[in-house]
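Trainee: Given the coordinates of chain A, work out where chain B should sit on it, guided by the hints.
Listed in order, the protein sequences are those of chains A and B. According to my numbering, the first sequence holds residues 1 to 106 in order. According to my numbering, the second sequence holds residues 1 to 106 in order.
Where hints are given, some of them may not hold.
As the list claims (entries may be wrong) - For lysine-lysine, the following DSSO-like pairs were computed, each having C-alpha atoms within a straight-line distance of at most 30 Å: (1) A:Lys11 <-> A:Lys34; (2) A:Lys11 <-> A:Lys90; (3) B:Lys34 <-> A:Lys34; (4) A:Lys96 <-> A:Lys34; (5) A:Lys96 <-> A:Lys5; (6) A:Lys90 <-> A:Lys63; (7) A:Lys34 <-> A:Lys90; (8) B:Lys63 <-> A:Lys34; (9) A:Lys63 <-> B:Lys34.
To be verified - Among chain A residues calculated to face chain B with C-beta under 8 Å, some are: (10) Ile29; (11) Gly54; (12) Arg57; (13) Arg101; (14) Leu102.
Said to hold, decoys possible - Pair by pair, the computed Cβ-Cβ distance ranges are: (15) B:Ile60 <-> A:Ser7: 44 to 54 Å; (16) B:Tyr68 <-> A:Arg82: 53 to 63 Å; (17) A:Lys34 <-> B:Trp6: 41 to 51 Å; (18) B:Ser44 <-> A:Asp65: 56 to 66 Å.
The hints are simulated quantities; they were obtained by calculation from the structure and are not laboratory data. Quick reminder that beta carbons are idealized off the backbone N, C-alpha and C, glycines included.
Number of protein chains: 2
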Amino acid sequence: MREWKWSPAEKAVARRAFDMALNGELEAILRETKERAARIRGTSELWGLERWLGERRREIDQKYDYRYSVLPTVFARLVGERRLSIDDLKGLEPEKLAAIRLWTEH
Amino acid sequence: MREWKWSPAEKAVARRAFDMALNGELEAILRETKERAARIRGTSELWGLERWLGERRREIDQKYDYRYSVLPTVFARLVGERRLSIDDLKGLEPEKLAAIRLWTEH
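Bound-form chain A, shown alone (with noise of 0.2 Å):
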């Protein structure tokens, strides 16, 4: 793991895409939790419900880790989802941005 500089500009980048991104995806789980509840018929929905809601807390939990050392690997893995894109990061330093669209996987 290496040893990235921030400087302030580029924190207040890091910290907006990555709110950005935390926040479309909270809104689509609770969307998405509404819409299941609301199908529910039965007790393996029910159940399925509580499975799908725990992986997806364990998954957030994991997936957005705002520690300066991984950031840029957590960037890669949101712009590969589309959870952001290259233009939202812009204002990081070039080599950041280097590493992030390298480390992307489409």
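Mentor: Structure of chain B alone, referenced to chain A:
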């Protein structure tokens, strides 16, 4: 843990009462899940639902234990929680009903 003897007729009574209580409780959880989900406005309520549902699942798993060796204790708890009445258990032998009454907490 004592060895209870269960006649086929008693097993039928027990099964019916057990399923009635379980289905009633699942129905209530299902209803409350829909209500809670519909009321969610933000992330803390979303994860609040996730936690609550997990607790309900574990509680149901733990409470509804259909081993004949523990069934009178299970029924005593369900009577104490007003999920069953002693009348629902009519057909069990007097010794079991007496034990269930004795163990019921009001």
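Trainee: Hint by hint, which ones does this structure get wrong, listed from lowest number up?
Mentor: Per hint list: 1, 4, 7, 13, 14 and 18 violated.
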